[in-house]
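A.B. asks: So the chains spell out like this:
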Amino acid sequence: MAKSPTPIPAPPVKIHRGAPGSAPARQRRRRKKVNPFVLFLRGLARRLYFGIKTAFKFLLFVPVLVFMVAFSYNVDRSGLFQGALAPRRIVDLMLQGYDVTNFEQMDEREVVQLFAQDVPETPEAIGIGSSRVLQFNRENTGVESFFNMGVTGADVRDNMTSYYKMVTYGKAPKVLLWSIDPWVFYGSEAAFDARADADLYNEFLTKVLNVPTDYEEPDKVELWKALADPAYFQGNVDYYIKNRGQATVTDDEGNTIEFNPVEGDPYNQTTSIKRSDGSVLYDVAFRNQTEDQIRTLAAEACMSFNSVHMEGFDELSQTQIQAFDSFVRYAQSQGTTVILVLSPWHPYLYGYLLTEPENHKGFFQVENWLRQYCADNNVPIYGSYDPACIEGLQETDFFDGLHCGGTGIARFFPGIPQALSDLQNGTLANPLDVHPRTSLEDPNAQPAEGETPDGEVTQQEG
Amino acid sequence: MTITWEQVLAFLCEDQTMAITSLLFLAFFAAVALINYALPRVLRPYFLLAASYGFFCYDPVNRPLVWVIAAATVLTWLCGLIIGKVRAKPVRVLALAASVGFGIGILVYYKYWNLLADTVGGSILSHRENLLAPLGLSYFTFAAMSYTIDVYKRRCRVETNLLHYALFVSFFPTLINGPIERYPQMRPQIQKSRRFSYGRCAGGAFRMLWGYTKKMVLADNLSHYVSLVYGDVGSMSGPNLVAATVLFAVQLYMDFSGCCDIALGAARILGYDLIENFQSPFEARTFNDFWRRWHISMTSWFRDYVYFSLGGSRCAPWRHYLNIVIVFVCSGLWHGADWRYLAWGLFTGLLAAFGVMTARARQRINRYNPLYRMGWFKVFWQCLFTNALFCLTLVFFASAIYNTDPFAVYGSLLQGWDGLTGSWAQVSNLIYSSGIDGRLPVVLLFGCFVVFAAEHKGRSVARWIRQQVWPLRWTLYYGMAAAILFFAAFGQSAFIYQQY
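Sequences listed follow chains A and B, in order.
The first sequence runs 28 to 489 under my numbering.
The second sequence runs 14 to 513 under my numbering.
FYI, nobody ran anything at the bench for these hints, they're computed from the structure.
Please note: incorrect hints may appear among the correct ones.
What the hints assert, rightly or not - Straight-line Cα separation of at most 27 Å, DSS-like style, residue types lysine-lysine; simulated pairs: (1) K252(A) / K84(A); (2) K166(B) / K98(B); (3) K205(B) / K60(A); (4) K234(A) / K192(A); (5) K59(A) / K205(B); (6) K391(B) / K470(B); (7) K192(A) / K252(A); (8) K80(A) / K205(B); (9) K98(B) / K205(B).
Unchecked claim - Short, incomplete list of chain A residues facing chain B, as computed with Cβ under 8 Å: (10) R74; (11) K80; (12) V91; (13) M95; (14) P257; (15) A258; (16) F260; (17) Q261; (18) V264.
Stated by the list, open to error - Pulled a few chain B residues facing chain A out of the computed Cβ check, cut under 10 Å: (19) Y50; (20) G451; (21) Y490.
Don't be surprised by glycine CBs; every beta carbon is placed ideally from N, CA and C.
Please take these sequences and the hints and turn them into a complete structure.
C.D. replies: This is the structure:
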């Protein structure tokens, strides 16, 4: 076949305007294969970056939570952290320097615990004991920062835990003035007061004295839950707004808390008041009784003497003696000087006890044992259970059979500075020089230890 | 003081139920979100599925009922598979019927069995004590049914991955209050999980906070007054009943939309966009418009699967009106086995049908209304009238919730009025005595104003907040946190719509 002069037309080419076909197809770039390890690291870095960024933003909300917790902790309308509202009010007033009304209605143990928690500066000296120590105050101790932590009906547990509380808050005082009550050495349940904080005492025994008890670390999750509970926070806000700037404070249920600063002359009050130093000032009528009235009260106390923590007290408990010794050593190890005080009983009452020594065997052993202990361990001891051992002590120095007033204290206690000075100078009186009576004089009997042959007892000078 | 992890867990888990407003839920959600983003994207749906079942089973009451949600999932998935793969129409119809029948069957069983038993009686229909519906029954059955219907109607492709589908049915943020999801919307999100986006998460977290504020600060506090009035309707005066009904509408909105905000925010954090359930309903100017903005996922469900199936508006007028009424009656039944819900549905349906019936006539009349020449007045009046109608229907709804006689409420609405001052005194005194005192009334008023202003014209607060400058943003964050801390009503965690 002859070759055609014209070439065969090429097939029509469809023109795609603007379509990918109009331009030569670009080579698709193949994705570079990334090392899986690099991919993993990239993913990890991305997650970390965004994780940290998100966490940081959430952290910016933390101040809201901190505010909630701090507010709930400080206002604490239910007293979960700061103690009940009424004791808190009392302590607040005392720390502001006020004497507080309505002593009889106070929960003294709660007040003492809250004081230990809230007092901003460690007192130089504290007093512990039962109501028989409550007349020790800043004047007769001679210490400006003295605080009386005694509580009515205190047993050995109250005594020890009051001091222990101060230590746990890092506020161990320099001086511990301990008015020893005889039942401190009685090991029976009868010696214990139901109001004492048994759990705290067990904690003290277990943690400090290493005495095994059934103490268990309390479950504080409930408290923690309250702090994290917005409903509790709202309750605290309501309470705070309601009571802010109010003269009378109400409790959680809206009842008025009747503890207020003493108005007028504290020595002329019709009810007993708690002084700002923790001591108690009885009402004016109780303080100004006649000798006969006081003796009547002392006579009334004769029959119920043993019922005050000493029912069946025939001998000193070895356990309590050990506890006492351990406690004194513990206090000394905390840098505290222990000064013991024996507050006297009314002469009429003591005289009565002497008539039935068989019923008070344990009681009559306490003082002599203590004196021996103090002599052996160079512990200052002042006063005596036996009023006859205190020179110049009058019946009018008492409020009743059990409680010796400030004038009586002044007759046997020279004040803490003097006691410390005597201790330092080695001029303390020998404890064994005082011989309290433990039975009625028997002309046929040999003179008891401490008694002079003519029947007179050696008296202690103030 | 040392606090152990065991104690923290014990603290978090002391409640038997994981209420959405509880610390436990927040801890659970935080852990799920953290793990979700730590996992490779392909594994995330499976983890979320496990988390959803964990959420469902946390409540001991729900544990024995887990088979219901599992069965609903498997059965509807199988039916969907048959419908999608088989071409023979009878088989497809049968599969659809099985799927819808099962969904409606379990709904009827758990919600209406005792009502039917009490009404009909007999040896078969005996009353069953302790017949408790599983969590989110109304929501997950409707979601599952919508899938098979969509597959049947070729609006949705068949899902071959059972676990992906199971996540759609049981996705835990939607289990409590919805919204009722549709699979075409969820499918791409499940199949390809989103990468972590800080902006999305921040928006989602804000939306959750927004929801908590609406629920715990506004709704729960308003409920004090509403429950006081509706709890003792007999001794309440007209002003209080009117005020309580209006406040119930606000409470219901804050409660329900608040929970939806929490669900949407939570889902957003996990990388999922859910259906918006509300679009400024109180700004609606007609009654029908209102129902296009309120509980959108449910109303659109009924619209798509009931109303359109019945012929919608493309039929004779009387049939159109009947269709509207039927849809609202179904909606009433969906809420529970109580004649008051049924009455509410009927009443609402009749009002909606009447609105459609008179729409043209009203438009003609409106042209001659001189007051309507003022645009703002027209808008105000129409909104007011629409909301008043809504409140009027809500009396049935509130009566069902507080178990009171709706007709007693209607009968007392106009009684006891004592002038403007006297009536206001009655209302304000009762509001104060209900516990809404101190600064709370101001907070509630201001809070409602802020919510309505922020959600004006259906604005998405999650997106809106991301567009604001940081001082405003953080002021709002702290403001809401403080509002919850100071004013939220704690311990009232149940949502109204949780029971449906």
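A.B. asks: Look at each hint and say if it fits the structure.
C.D. replies: Hint check results:
Note on K252(A) and K84(A): the hinted pairing holds, with a Cα-Cα distance of about 25 Å set against a maximum of 27 Å. For the proposed pair K166(B) and K98(B), the alpha carbon gap of about 13 Å is at most 27 Å, so the pair holds. Between the alpha carbons of K205(B) and K60(A) the distance comes to roughly 21 Å, so the proposed pair stays at or under 27 Å and holds. Distance check on the hinted pair: K234(A) and K192(A) sit about 13 Å apart at the alpha-carbon level, within 27 Å; holds.
For the proposed pair K59(A) and K205(B), the alpha carbon gap of about 23 Å is at most 27 Å, so the pair holds. Taking the CA atoms of K391(B) and K470(B), the gap is about 17 Å. The hint holds against a cut of 27 Å. A distance of roughly 25 Å separates the Cα atoms of K192(A) and K252(A); the hinted pair therefore holds under the 27 Å criterion. Under the criterion of a C-alpha separation no larger than 27 Å, the hint pairing K80(A) with K205(B) is consistent with the structure, at around 24 Å.
For the proposed pair K98(B) and K205(B), the alpha carbon gap of about 24 Å is at most 27 Å, so the pair holds. Interface hint at R74(A): satisfied, since its Cβ lies 6 Å from the closest Cβ of chain B, which is below the 8 Å cut-off. Interface restraint check for K80(A): the shortest CB-CB distance to chain B comes to about 6 Å, inside 8 Å, so the restraint holds. The beta carbon of V91(A) comes within 5 Å of a beta carbon in chain B, closer than 8 Å, and the hint placing it at the interface holds.
Residue-level restraint check for M95(A) holds (minimum Cβ-Cβ distance to chain B is 6 Å; threshold 8 Å). For P257(A), the shortest C-beta to C-beta distance to chain B is roughly 5 Å, which falls under 8 Å, so the interface hint holds. At about 4 Å, the closest approach between the beta carbon of A258(A) and any beta carbon in chain B falls short of 8 Å, and the interface hint on this residue holds. Annotation: F260(A) was flagged as interfacial toward chain B, and the flag holds, the nearest CB pair being 6 Å apart, inside 8 Å.
With 8 Å as the threshold, the beta carbon of Q261(A) comes within range of chain B, its nearest partner Cβ sitting at about 7 Å, so the hint holds. With 8 Å as the threshold, the beta carbon of V264(A) comes within range of chain B, its nearest partner Cβ sitting at about 6 Å, so the hint holds. The criterion of a C-beta within 10 Å of any C-beta in chain A is met by Y50(B), whose closest approach is roughly 7 Å, and the hint holds. Look at G451(B): its Cβ gets to within about 8 Å of chain A, closer than 10 Å, so that hint holds up.
For Y490(B), the interface hint holds, since its Cβ comes within 10 Å of a Cβ in chain A; the closest pair sits about 7 Å apart.
Violated hints for the displayed structure: none, as all numbered hints are satisfied.
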